[in-house]
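With chain A fixed as given, assemble chain B with the ligands onto it according to the hints.
Here are the chains, one letter per residue:
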Amino acid sequence: MTVLAIRGLNVSFATEGGDLHALRDVAFDVPARRIVGIVGESGCGKSTLINAILGLLADNGRITGGQIVFEGQDLTRADAAQMRALRGPRISTVFQDPMGALNPVLSVGRQMRNIQYRSSLGRAARDARSAEMLQKVRIPDPEAALSRYPHEFSGGMKQRIAIAMALMMEPALLIADEPTTALDATLEVATIELLRDLQDQIGCSVLFISHHLGVIAELCDDVVVMYAGEVVERGTVRQVFRTPRHPYTARLLECDPARQSGRTRHLPVIPGDLPDLRNRPGGCIFAARCDRRGEACAAPQTEREPAPGHRARCILAEAT
Amino acid sequence: MLGYTLKRLGLAVVIVSLAMAILFVMIYLIPGDPAAVALGPRATEAMRESLRVKMGLDQPVWVQFWNFFTRAWTGDLGNEVLSDRPVAQVVMEQLPHTLALIAGGMVWSVALGIPLGCWAAVKRGSWADRVVGIVSVAVIAVPSFVVAIYALLIFAVTLRWLPAIGAGDAGDLGDRLTHLILPSLAVGLGWVGYIARMVRASMLEVLEAQHIRTARAFGLPETMITYRYALTIAILPTVTLLGVGIGQMLSSAVFAEIVFARPGVGKLVYDAILTRNYPLVTGAVLVTTVLFVLINLLADLLIGALDPRVRSRF
Ligand SMILES: Nc1ncnc2c1ncn2[C@@H]1O[C@H](COP(=O)(O)OP(=O)(O)OP(=O)(O)O)[C@@H](O)[C@H]1O
Ligand SMILES: [Mg+2]
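For the protein sequence lines, the chains are A and B, in the order given.
Position one of the first sequence corresponds to residue 1 (our numbering), numbered consecutively onward.
Position one of the second sequence corresponds to residue 321 (our numbering), numbered consecutively onward.
Isolated chain A (complex conformation) (with noise of 0.2 Å):
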């Protein structure tokens, strides 16, 4: 069963200089009970491709092409009221950044509180449920915590509360966008333990975005590789990781996710630029950089299966 199928997504930004064509014909699915993770650098769409599973993109933003099909609905013809309906019962997340995901005039309780503003649950119910999750997410004291606002916290655990607020609707899809990127390594390792155990519990879909190609590795059951607003490469984590059939991918991978410190928030450098997303290149749009280029990047590249489930957008991978 899928949870989220996403076929042949586009985005586009308006922009001074022109649309910014930021996500090209995006295609992925997220299987139910899985944990698939999107892997790429900076500014290759992936938080651009998060607002829009949850339409949320920016004024400017628009989705020029595709589906989103989320339990069998296709998101993009969904409108606000619908849209939001969905957000927080059906599609949680968590996003990157703890110290500014909470209202800082608002307790913890309370917030927790408003986010079951369609429960039939009295006050009292609710806040006990806020509390259990609390305790499931190990914050001390929950029924405390409560009456504490977030500044009263430490970052790891804003990250936990964050996640409690995520999971306490049990949905069926948990978006994580860079959860641990502002965490240091242990708190990383401890979050990262904390999610797939309630995952576990709750039985959801989850879509982690990451820089960090070592947890990827460790929480993930299928990968995404992003690559200027396309999907150069997916599979399952073994797949991808084991035999990378893309040169990006390769390229990423040559940095042994297991040798890099935990500190390293930035995913190896490879030379050369990102293409400029307003006036994308015809052909494969890896080709500027890549060093096993041939005549036929030149052309525009299709989606090849070297091995079940395993793609890749390049012609390298159709000789086996």
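Treat the hints with care, as some may be off.
Sample of chain A residues facing chain B (criterion: CB under 10 Å; computed from the structure) [said to hold, decoys possible]: (1) L56; (2) R84; (3) I115; (4) E152; (5) M165; (6) L198.
Just so you know, these hints were derived from the structure itself, not from any lab.
Every residue, glycine too, gets a C-beta built ideally from N, C-alpha and C.
Just chain B with the ligands, lined up with the frame of chain A:
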């Protein structure tokens, strides 16, 4: 919150003391003999000498300062020249009228300014936003005495909807309030513009914040996001601005009291200056200063009550 309150209170005491010192120096530096001014040209030298002794002007300057300072703190601001009544009593009689006027001005500015600013921010870039922007600048640009005169001419003289002068009957609350409408509008109208602009700017900033994105990602209703999540933060700079703005409202109150012939501290100071009733001027200025400091203290405490981050810093 108690520590925070005590700190703010201590600061207020220091500021009032400093204001007293400055006021003393200013009076001291005014050229001329206060006794001669008070008694007028036909007084004899002996009369002046006895008044000087009575006013303590024969003492060394630091003794004069100490006497002024300690008496002022106990509420003794001396006696006024014309009727020889205690200055503190005369000022306190007038103070409620001025307080009502300023409170009225606040009500106008807050009740109109906050919703307008909020509306403009939510409808950013629309014609509504542009109209609010133009109106804000316009009402800021018009001096309050001009508002006072036109309000008087239009609503009191031509349309006869509202009373033109005075403060109304002492026992009749409704009458008092109808007499307050136009003068307080004159005091508050400019502030409608300031507050609308301030609220709009800080709303736009807050609406971009990450936690608003979080709130949207949980599908909270937009009205809840605007009023509970954004406005509660966006209001904070406005509270500080209003605390400081009281000084400007106090000076607008002088004009409003004169134009509408209302009793009040502003009218009192105006008359006292015309009759060279210096002790009364000094006393009224000191009371106004204390009022200003107190209202700022209130604004600080309100910020502390509204913003848990501020509270915990003390
Ligand atoms: N509102 C916008 N208007 C114009 N361009 C935008 C807008 N939002 C994003 N972009 C552009 O779209 C591209 C993708 O941005 P996005 O934020 O999705 O990247 P990302 O992969 O999330 O990066 P990071 O890892 O730094 O968070 C970038 O080139 C960015 O400049
Ligand atoms: Mg991002």
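query: Going through the earlier hints one by one, which of them does the structure break, listed in rising order?
result: When the structure is compared with the hints, only number 6 turns out to be violated.
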